[in-house]
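> Can you build the whole structure from these sequences, using the hints too?
All residue numbers for the sequence shown refer to the numbering used here, where the first residue is 1 and numbers rise by one.
Be a bit skeptical, because a hint or two may be false.
Stated by the list, open to error - Think about it this way: if two alpha-carbon atoms lie no more than 30 Å apart in a straight line, the pair counts; the simulated DSSO-like pairs of lysine-lysine are:
{"hint": "1", "residue 1": "K275", "residue 2": "K300"}
{"hint": "2", "residue 1": "K350", "residue 2": "K300"}
{"hint": "3", "residue 1": "K178", "residue 2": "K203"}
{"hint": "4", "residue 1": "K251", "residue 2": "K275"}
{"hint": "5", "residue 1": "K142", "residue 2": "K57"}
{"hint": "6", "residue 1": "K110", "residue 2": "K57"}
{"hint": "7", "residue 1": "K350", "residue 2": "K251"}
{"hint": "8", "residue 1": "K251", "residue 2": "K212"}
{"hint": "9", "residue 1": "K251", "residue 2": "K203"}
{"hint": "10", "residue 1": "K385", "residue 2": "K426"}
{"hint": "11", "residue 1": "K337", "residue 2": "K275"}
{"hint": "12", "residue 1": "K385", "residue 2": "K337"}
{"hint": "13", "residue 1": "K178", "residue 2": "K110"}
{"hint": "14", "residue 1": "K350", "residue 2": "K337"}
{"hint": "15", "residue 1": "K178", "residue 2": "K142"}
{"hint": "16", "residue 1": "K385", "residue 2": "K435"}
{"hint": "17", "residue 1": "K110", "residue 2": "K142"}
{"hint": "18", "residue 1": "K427", "residue 2": "K385"}
{"hint": "19", "residue 1": "K385", "residue 2": "K212"}
Rather than coming from a laboratory, the hints here were simulated on the basis of the structure.
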Amino acid sequence: SGLLALGKPLDRESTDRYILIVTASDGRPDGTSTATVNVVVTDVNDNGPVFDPFLPKNLSVQEEEVNAFVGQVRATDPDAAVNGQVHYSLVNFNNIFRITSNGSIYTAVKLNRETRDYYELTVEATDGAVDPRRSTLTLAIKVLDIDDNSPMFTNASYTVCVPENLPPGTVFLRIEAKDIDLGSNVTYRIRTQEALPFFSLNKFTGELSLLKSLDYESFSGTEATFTFLVEAFDSGGTMPPGLATVTVRVKDMNDYSPVFSNALYRGMVAPDAIKGTVIATVSAEDQDPPGTPASRVRYKVDVIQFPYSASIFDVEENSGCVVTRVNLNEEPSTIFKLVVIAYDDGDPVKFNTTTVEIAVLQPSVIPRFAQDEYRPLPVNEGAPKGTLIAVVTAAALNQTIVYSIVSGNEDDVFAINNRTGVIFIKKPLDYESVKSYELRVQADSLQVVQSNLRVPSK
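This is how it looks when you write it as structure tokens:
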């Protein structure tokens with residue numbers, strides 16, 4: 001029939017043209033003829049792109065650079081025309097890397113090794129056919145470190161309480177900083193020069209210790225504190241040091257015990273004094289800094305020594321006033337001894353003691369008022385200063401009497417002549433502010449007052 005037919009499938013990529021010699025014969029020796037047939041094999045898209053296996057797949061790039069060259073891939077496709085045209089794209093991380101038409105790969109943003117130091121980037125090669133063929137290649141990309149981080153302290157500020165009088169060399173705090181760059185060597189130092197005479201910082205361990213003992217009392221402010229800067233730096237790096245603040249609070253350790261102003265106090269009391277009668281006042285001072293717990297002095301009775309005295313007398317905790325605990329019924333001329341303790345609130349608590357001798361007086365030497373209550377006539381608010389209000393009178397056997405106003409005169413509106421008992425106006429009165437006053441007047445024996453003792457009649 002003269003029809004040419006394929007004996008087997010053709011492969012254009014192996015042979016894209018055939019030249020056939022075709023002979024026609026009628027059977028006679030000279031009855032032949034030949035013809036040349038050129039067979040051109042046309043292309044179909046039967047091959048995908050193939051990556052060059054000899055190009056490196058393990059790549060590296062330095063951090064903190066945009067458009068840094070990472071590496072290159074190359075793929076070929078033996079198909080013809082558009083079927084053999086290769087195009088590249090990134091399957092993943094295409095917001096971090098980019099690839100050009102010739103397969104070159106660059107960073108699209110600055111990489112941060114401390115955030116991520118390794119990427120597996122997948123590159124896809126496609127041909128230009130309508131129904132393209134694809135192939136992929138995975139590249140391992142390592143991000144190389146540069147010195148782009150300063151050391152950072154684990155705390156931006158440190159606060160520590162240090163008891164005063166700790167011996168020099170005592171380690172009281174350990175600070176720590178980390179540098180996330182590779183191969184960093186963090187060392188420490190004190191930045192604030194004023195702190196150098198007092199503190200030492202181990203450059204390798206970050207241990208803070210004392211160079212000298214701290215004294216709470218040497219501070220003049222309300223708080224005994226040191227505040228200073230420390231820094232951590234990479235000894236082989238170029239970045240600025242990291243900074244942190246250290247606040248050292250010095251704790252008062254109660255250096256002093258309360259000290260009484262007298263080793264012995266004396267007081268007198270009536271044999272029938274009522275509960276709450278003030279007999280004497282003890283006073284102690286503590287040299288620890290004012291306003292601190294160690295300087296606060298309080299008082300109490302020692303109930304072990306002289307237990308009977310402790311059962312009938314007491315001392316007010318804050319004022320130091322020695323008072324009767326009960327209504328007395330004691331024999332005149334009896335002498336009682338009472339031990340009073342002054343203690344502070346320091347750590348540890350320190351204390352001291354004193355003795356109070358209390359003499360029970362004869363009734364005849366105790367002043368007695370002529371009347372228990374005085375009710376003077378009303379006084380006009382416009383009365384001038386010096387206007388007489390009342391005269392109080394008290395007496396005792398062979399005693400000179402001294403008068404005083406002990407309560408009700410907090411605004412210092414009235415005064416009393418301490419020898420005559422005359423009460424008079426000292427400041428202008430104001431009816432709209434105060435409509436009445438109740439004054440408590442005390443009569444003391446001059447002998448008792450001069451002895452700094454009081455056995456009052458009120």
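> Mind listing which of the numbered hints don't hold for this structure, in increasing order?
Hints 4, 12 and 19 not satisfied by this model.
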